[in-house]
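K.L.:
The chain contents come next:
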Amino acid sequence: QKEVEQNSGPLSVPEGAIASLNCTYSDRGSQSFFWYRQYSGKSPELIMSIYSNGDKEDGRFTAQLNKASQYVSLLIRDSQPSDSATYLCAGRGGSQGNLIFGKGTKLSVKP
Amino acid sequence: EPEVTQTPSHQVTQMGQEVILRCVPISNHLYFYWYRQILGQKVEFLVSFYNNEISEKSEIFDDQFSVERPDGSNFTLKIRSTKLEDSAMYFCAATTGGEVQPQHFGDGTRLSIL
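Going down the list, the sequences are from chains A and B.
Residues 1 to 111 in the working numbering are what the first sequence lists, from first letter to last.
Residues 1001 to 1114 in the working numbering are what the second sequence lists, from first letter to last.
A hint or two may mislead.
Here are the simulated SDA-like cross-link-like pairs (lysine to any residue), alpha carbons at most 25 Å apart as the crow flies [said to hold, decoys possible]:
1) A:LYS2 / B:SER1058
2) B:LYS1057 / A:GLN1
3) A:LYS2 / A:GLN64
4) A:LYS56 / A:GLU5
5) A:LYS106 / A:ASP27
6) A:LYS42 / B:PHE1061
7) A:LYS42 / B:THR1005
8) B:LYS1042 / A:SER95
Some residues of chain A that are not near chain B, with every Cβ distance over 12 Å (derived) [stated by the list, open to error]:
9) SER12
10) GLN38
11) LYS42
12) GLY59
13) PRO81
14) SER84
Everything labelled a hint here was simulated from the structure, so no lab data went into it.
We treat Cβ as the ideally placed atom computed from N, Cα and C, and that holds for glycine.
The following block holds chain B by itself, in its conformation from the complex:
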């Protein structure tokens, strides 16, 4: 069983539309993260989430982004008004916590903005 499950695997959306990307970690994970990877570039941190609130965010994570964990299981990333430059792979990661615990990545969602 994968540690982290992401849906959808591929999302195609018109520019300006809202998208919601979903992530389901296994139950003992406490810390959650979203990263993105633009094609050919490095993996970039977006936001971390702990105890039902954002704990840290990067400069990329501006007002068009939001995260929530509405039902205690799904962890979502919402992009309110998508732009062409939002096209990327979006990865959810989770860990049980602590400095030494590794983060397990989901398979990712490929977001294509037209």
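For reference, chain A alone in the conformation it holds in the complex:
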């Protein structure tokens, strides 16, 4: 059974701080990973994708992938109250690219 595991939180950080979100996956064959943000009652919104070991930066967001440890993380710098949401980690699960999602980590950024 291919699985993606996340700490469900909630994770609370003060405004301006760095938020660190983590994810592990079971399938060593997975090659690509995605972070989605989901506001309550809304659909997942893509934030970052990462396919290679190492770091990938996009604005305030940095994704990190360590395939040897089967670990993916997302750092949010200068966290804002508008970043308060549930962050979903997903990996490719099947030959046709379907995603396997973690349960999500709820982030709360306090003003």
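Once you have looked at the hints, place chain B on chain A.
P.N.:
Leaving out everything else, chain B in the frame of chain A:
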């Protein structure tokens, strides 16, 4: 313009009735997916669709579910005889294809079975 448009946004149906959920991706998308999310739970894969046929499906996607793309644009999910446990958000997603291409999600349809 959104990548994927879903209708209706909310569907309320009596148990045992059939429902059809619709999705319209933009024209360069080749791979299509349905996912569902029961309230408070994780997003779960249902089915993938490519080249006018199902390419992969999960254990959830049993005989009461079907998908089709009848006119080359709309992509539909049909639930034949709804059950209470089918109440969930249903998301359509699409991608241009390839291992590294991200999937873009529609806004979802909230299905409520009474």
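K.L.:
Hint by hint, note whether the structure agrees.
P.N.:
Right, here's what the structure says about each hint:
The straight-line distance between the Cα atoms of LYS2 of chain A and SER1058 of chain B is roughly 12 Å, inside the 25 Å bound, and the hint therefore holds. In summary, the hint linking LYS1057 of chain B to GLN1 of chain A is supported, as the alpha carbons are separated by about 14 Å, within the 25 Å threshold. Proximity of LYS2 of chain A to GLN64 of chain A is assessed by CA-CA distance (about 20 Å); at most 25 Å being required, the pair is judged to hold. Only pairs whose Cα atoms come within 25 Å are accepted, and LYS56 of chain A paired with GLU5 of chain A is accepted, the gap being roughly 21 Å.
Note on LYS106 of chain A and ASP27 of chain A: the hinted pairing holds, with a Cα-Cα distance of about 24 Å set against a maximum of 25 Å. Between LYS42 of chain A and PHE1061 of chain B the alpha-carbon distance is near 23 Å, which keeps this suggested pair within the 25 Å criterion. Pair hint LYS42 of chain A plus THR1005 of chain B holds up; C-alpha atoms about 13 Å apart against a cutoff of 25 Å. A hinted pair counts as satisfied when its Cα atoms are at most 25 Å apart, and LYS1042 of chain B with SER95 of chain A qualifies at roughly 21 Å.
Under the 12 Å C-beta cut-off, the non-interface status given to SER12 of chain A relative to chain B holds; the minimum distance is some 19 Å. The beta carbon of GLN38 of chain A is not kept farther than 12 Å from every beta carbon of chain B, the shortest such distance being approximately 8 Å. Not every CB of chain B is more than 12 Å from the CB of LYS42 of chain A (nearest about 7 Å), against its label as outside the interface. Chain B leaves GLY59 of chain A outside its interface by the beta-carbon criterion, the shortest separation being 16 Å against a cut-off of 12 Å.
Non-interface status of PRO81 of chain A relative to chain B is upheld: no Cβ of that chain comes within 12 Å, the nearest being about 23 Å off. Remark: the non-interface label on SER84 of chain A is consistent with the geometry, its nearest Cβ contact in chain B lying 18 Å away (cut-off 12 Å).
Hint compliance for this structure: hints 10 and 11 are broken, all remaining hints hold.
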